[in-house]
Amino acid sequence: MTTLLVVLLLAIGVYCVAVLEAWIASGRFRLMAPACSAIALLGRESIVPRKPDLLFFEMGPIVLLVAALLAAAVIPLSPDLIITDLATGALFLNAALAYVLVALIMAGWGPNGAYAMIGGWRFLGQLIAYAMLVVMPITAVAMRAESLATTDIVISQSGLWNIFYQPLGFVLFFIAAMGLAFLPPFDLPTAKGELAGGVEAEYSGVRLAVFRLGRMVLVVTLAAATVTFYLGGWQGPSLPPWLWSAIKILLVTAAMLLIGRYVPRIREAHLLAWCWKFGIPLALLNIFIVGILLVVIP
Amino acid sequence: MITAQAIFIGFFGVAAVWFGVVVFRTFSMVRSAIALLFSQTALGAMFLTMQAEFLGVLQIMMMATEMSIMAFFMVMFMMDPGGMGKMEMTHQKRLSWIVGLASFVGAVAIAVFIDWGPVATTVAETAEQTEALGLELLGRSMLIFEMAGVTILTAMIAATSVAIPPMPSPEKTHKDKV
Chain G
1 MTTLLVVLLL AIGVYCVAVL EAWIASGRFR LMAPACSAIA LLGRESIVPR KPDLLFFEMG
61 PIVLLVAALL AAAVIPLSPD LIITDLATGA LFLNAALAYV LVALIMAGWG PNGAYAMIGG
121 WRFLGQLIAY AMLVVMPITA VAMRAESLAT TDIVISQSGL WNIFYQPLGF VLFFIAAMGL
181 AFLPPFDLPT AKGELAGGVE AEYSGVRLAV FRLGRMVLVV TLAAATVTFY LGGWQGPSLP
241 PWLWSAIKIL LVTAAMLLIG RYVPRIREAH LLAWCWKFGI PLALLNIFIV GILLVVIP
Chain W
299 MITAQAIFIG FFGVAAVWFG VVVFRTFSMV RSAIALLFSQ TALGAMFLTM QAEFLGVLQI
359 MMMATEMSIM AFFMVMFMMD PGGMGKMEMT HQKRLSWIVG LASFVGAVAI AVFIDWGPVA
419 TTVAETAEQT EALGLELLGR SMLIFEMAGV TILTAMIAAT SVAIPPMPSP EKTHKDKV
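Sequence order for the protein chains is G and W.
In case it helps, my numbering puts the first sequence at residues 1 to 298.
In case it helps, my numbering puts the second sequence at residues 299 to 476.
Worth flagging that the hints you see were computed from the coordinates, not collected in a lab.
Check each hint, because a few of them may be wrong.
Not everything, but these chain G residues come out facing chain W in the computed CB check (under 10 Å) [unchecked claim]: (1) ALA38; (2) ASP53; (3) LEU55; (4) LEU97; (5) ALA98; (6) VAL100; (7) VAL102; (8) ILE105; (9) ILE128; (10) THR139; (11) MET143; (12) SER147; (13) LEU148.
By construction, the Cβ of each residue, glycine as well, lies at the ideal position given by its N, Cα and C atoms.
Please build the complete structure, drawing on both the sequences and the hints.
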């Protein structure tokens, strides 16, 4: 029952995000836009390119969707509204999200097309940049909660949210989450106008619909993870806990999409250089600061 | 008595071996790497079935990234990475057979003849397991893990330096211009 409820809320969240993205991109608020796009995509022919690696071509979008859904399974929307409250929840989230890379490499390699392949390998380079910036801020969050369970992490923020306790970690995780979801300005694997859609280039019809759905679920999951780790999860006055989660997740998603709208696409080499020269040392500094804070203010 | 746990361990074990076989049966380097990835993921699933949650999740997480990077290196170094030309890319077959069989016999012998100590009847809490693992890694196993880590790092740096084409020397470039 809980699983069904979470999946339903996730589906509603994905639709809201799709509306939001269309609104930000086109400047017009149209509630039915994602539904019309989905119907149009499902109605179109799903073309298979010549000489593909069919297994990878078919599995890429599905692996992306499954990875994003599995990551969502450990996110608590309220104390009881969580699919599985694993003791290693924060680590499991990382494990599931690691398969986003596998999905994009499969989707990039499968169609036997140059743009798609470049997009897939680009994401591997992007991972080398952002991966540590996902894991290291989570380490500092787990240090404060003294647990990897996501519910414990939310409860640990009852006095003060982590966005105030470790703001540096929040900024780094937020940037890394945008990189993981390949949202602009980190949309190097898809790169519209430059790679003709990159990983998406050779997909059409129902396969493209599944790919885009997977990406939307990924965006919502990462926004939910940000809320869980830094914005006090379900906590808030007056309103029911799940509604607080929903409001915060939508606000984080809107922030991610809006930032992408106004920042130009970053180059792969610049991203790698920034992450390794500044991002990772800053993430280490964040762990160090949190360590000291934990000793000084137990 | 065969329990559901034993059935799942067997299932994931067979899956791990099957994907391991696929690694050598395919001509595509990317397929080979992804097959190895799923073989390792099946091992992670075995850990999870044996209620070693932290180890299982860690295995599943680490392998996704590592094997993808390995796929990239295999594509860089192999002449026919897509396997489209069905190029023969194996070598030293007799030596490989001997080393492979000897390793297999050795591994089985260790598994059968080693004294594993008393069998645990209860499973510790996941948090306790994680703590015990941390103490082990920072205690008697530290040297082994650090050595393995440094060896892998050295191999990565060496492989990258091999892949970079040599820079032309300044004198030569100057002569070419003249």
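A quick look at each hint next to the structure:
1. ALA38: violated (29 Å)
2. ASP53: With a closest approach of 7 Å, the ASP53 (chain G) hint holds.
3. LEU55: holds (8 Å)
4. LEU97: holds (9 Å)
5. ALA98: Constraint on ALA98 (chain G) satisfied, holds at 4 Å.
6. VAL100: holds (9 Å)
7. VAL102: Constraint on VAL102 (chain G) satisfied, holds at 5 Å.
8. ILE105: With Cβ-Cβ at 6 Å, under 10 Å, it holds.
9. ILE128: Status holds, d = 8 Å.
10. THR139: With a minimum Cβ separation of about 13 Å from chain W (threshold 10 Å), the hint on THR139 (chain G) is violated.
11. MET143: MET143 (chain G) check fails; min Cβ-Cβ to chain W is 13 Å, beyond 10 Å.
12. SER147: Holds, about 7 Å.
13. LEU148: holds (7 Å)
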